[in-house]
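**Q** Sequence:
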Amino acid sequence: MIRELKTLLAVAQEGTFAAAGNKIGLTQAAVSAQMKRLEEELGIALFERKGRAAILTQRGQETLQQAHALLTLYSTLGGSGTGQPTTQRINIGAIASIQRSLLPGALARFHHTFRECRTRVVPGLSMELVNQVDAGELDMAVIIRPPFSLHSDLRWTPLAHEPFRLIAPAHINGDQWRELLATHPFIRYDRASFGGRQVDRFLRDNHCKVHEVCEVDELEAIVKLVAKGVGVALVPQAIAQQHWPDEVRAIDLGERTFHRDIGLIHPTSGHLSDPARALAQLISDTAQQPEHNR
136 MIRELKTLLA VAQEGTFAAA GNKIGLTQAA VSAQMKRLEE ELGIALFERK
186 GRAAILTQRG QETLQQAHAL LTLYSTLGGS GTGQPTTQRI NIGAIASIQR
236 SLLPGALARF HHTFRECRTR VVPGLSMELV NQVDAGELDM AVIIRPPFSL
286 HSDLRWTPLA HEPFRLIAPA HINGDQWREL LATHPFIRYD RASFGGRQVD
336 RFLRDNHCKV HEVCEVDELE AIVKLVAKGV GVALVPQAIA QQHWPDEVRA
386 IDLGERTFHR DIGLIHPTSG HLSDPARALA QLISDTAQQP EHNR
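Going by our numbering, the sequence shown wraps up at 429, each residue one higher than the last.
Hints listed in this document are in silico derivations from the structure and should not be mistaken for laboratory results. It is possible that some hints are incorrect.
Stated by the list, open to error - Simulated crosslink set (PhoX-like; lysine-lysine; CA at most 25 Å straight-line):
no.	residue 1	residue 2
1	LYS185	LYS141
2	LYS171	LYS185
3	LYS158	LYS171
4	LYS158	LYS141
5	LYS359	LYS344
Stated by the list, open to error - DEER-style ranges, computed between Cβ atoms:
no.	residue 1	residue 2	range
6	GLN423	ASP387	22 to 30 Å
7	ARG339	PRO380	26 to 34 Å
8	ARG138	ILE190	21 to 29 Å
9	GLU272	PRO380	35 to 43 Å
10	GLN423	ASP381	23 to 31 Å
11	ARG184	PHE337	39 to 47 Å
Think of the CB as a built atom: it goes at the ideal place given N, C-alpha and C, for glycine as much as any other residue.
Take these sequences, add in the hints, and give me the full structure.
**A** Next up, the structure:
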């Protein structure tokens, strides 16, 4: 609720959801969603909406005063009373493959430099993480690029361009991806994910009919299922997947190759703290380094 209370203060100061969003680095929709959630949790109406203006109700005014007191108290939590700086926490979302590849190296470099800071890594699907960054619940997230345009106050920094491959058990002969898809069981990359939607689109565009036996979100699990001979799959050759297991063969899709783009999403730099901005730069730098330096 702390984030919602901070947003309440911004709305009270700026007078509209849009202006409050501009001040604290959220979209108008995200501010509106936070205020609706706060009203539901408290069980009261905080605002009277007159045109674009958000006017505090009497209960809203009382809540605002309480919010000031709570946030003042909250700002002192963790303080030692000795003049030492309080700990700052950065919340970063990441899809599973990134947590195993470039993120540990970037975090290690960050904590060696910013010893007073803490980080919290939040796992999730790309769509969930986009929404959490948009709502101000995460400072940043490393995700698959969404198939839609981002809000103007969200920044996208590209990190990797990963080609999709057809992977098959090593004992299966043949290098024709169409034939392998048509004649062997298919392990599908979860359609709820951005990458899974790309696979679904590829199959439709190329008129491929598959015999689906399993649908999984976790890429490492898909590779292991293929290695155990369950079927074939279309997966990106992720940053973490520099070498395939001996039990797996990767077949190039040739001119039909498609890619998933991995990147960092965060509010525009003016809305990031200095440590958060430094972490974002370290993640970007780490993505450009050879595998053995990560």
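**Q** Each hint should be assessed against the structure and marked as holding or not.
**A** Now for the hints, and whether the structure bears them out:
For a cut-off of 25 Å, the pair hint linking LYS185 to LYS141 stands: about 22 Å separates their Cα positions. For the given pair, LYS171 sits about 16 Å from LYS185 by alpha-carbon distance, which is consistent with the 25 Å threshold. For the suggested pair LYS158 and LYS171, the alpha carbons sit about 19 Å apart, so the restraint of at most 25 Å is met. For the suggested pair LYS158 and LYS141, the alpha carbons sit about 11 Å apart, so the restraint of at most 25 Å is met.
For the given pair, LYS359 sits about 23 Å from LYS344 by alpha-carbon distance, which is consistent with the 25 Å threshold. A hinted range of 22 to 30 Å holds for the C-beta pair GLN423 and ASP387, which are about 24 Å apart. At roughly 29 Å, the beta-carbon separation of ARG339 and PRO380 lies within the given 26 to 34 Å, and the hint holds. The supplied range of 21 to 29 Å is met by ARG138 and ILE190, whose beta-carbon atoms lie about 22 Å from each other.
Range check, GLU272 to PRO380: Cβ separation about 36 Å, and the 35 to 43 Å hint holds. Distance hint check for GLN423 and ASP381: the Cβ-Cβ separation is about 29 Å, which falls inside the suggested range of 23 to 31 Å. Range check, ARG184 to PHE337: about 45 Å between beta-carbon atoms, so the 39 to 47 Å window is met.
Violated hints: none; the structure is consistent with every hint.
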